[in-house]
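Residues in the sequence shown are numbered from 1 upward in steps of one, following this note's numbering.
Hints are computed from structural coordinates only; laboratory data are not their basis. It should be emphasised that the depicted structure is a prediction, and the values quoted were computed from it without experimental measurement. C-beta: ideal position from N, C-alpha, C; glycine also. Incorrect hints may appear among the rest.
[Said to hold, decoys possible] Derived DEER-like restraints, expressed as beta-carbon distance ranges:
1. F34 / W4: 39 to 47 Å
2. N33 / F3: 39 to 47 Å
3. Y28 / K5: 31 to 39 Å
4. F3 / E32: 37 to 45 Å
5. N10 / I31: 28 to 36 Å
6. K5 / T35: 42 to 50 Å
7. Q6 / R27: 28 to 36 Å
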Amino acid sequence: MHFWKQYYANNAIDCMQLSTNRFIVNRYMIIENFTKN
Numbered sequence: 001m002h003f004w005k006q007y008y009a010n011n012a013i014d015c016m017q018l019s020t021n022r023f024i025v026n027r028y029m030i031i032e033n034f035t036k037n
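Turn these sequences into a full structure, and let the hints steer you where they fit.
What follows is the structure, given as structure tokens:
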């Protein structure tokens, strides 16, 4: 039981980090596009 709780907690953290990284990348790409034009 404890193992599964830990597994789901780790997955939730991974998902949060993935979406945060995607958000940072998207913002970086938008800034790149603005500076190019």
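- Message: Looking only at beta-carbon atoms, does the pair N33, F3 fall within the given range of 39 to 47 Å?
- Response: The hinted range 39 to 47 Å holds for N33 and F3, with Cβ atoms some 45 Å apart.
- Could you check the hint for me, namely that F3 and E32 are 37 to 45 Å apart, CB to CB? Once the Cβ atoms are compared, 43 Å apart, the range 37 to 45 Å for E32 and F3 holds.
- State, for the Cβ atoms of K5 and T35, whether the hinted interval 42 to 50 Å holds or is violated. holds (45 Å)
- Query: Is the hinted range of 28 to 36 Å satisfied by the C-beta distance from N10 to I31?
  - Reply: This hint holds: roughly 32 Å between Cβ atoms.
- Message: Looking only at beta-carbon atoms, does the pair Q6, R27 fall within the given range of 28 to 36 Å?
- Response: Holds: the Cβ-Cβ distance is about 32 Å, inside 28 to 36 Å.
- Taking 39 to 47 Å as the hint, is the beta-carbon distance of F34 and W4 inside that range? holds (45 Å)
- Can the suggested window of 31 to 39 Å be confirmed for the beta-carbon pair Y28 and K5? holds (35 Å)
In summary, this structure violates none of the numbered hints.
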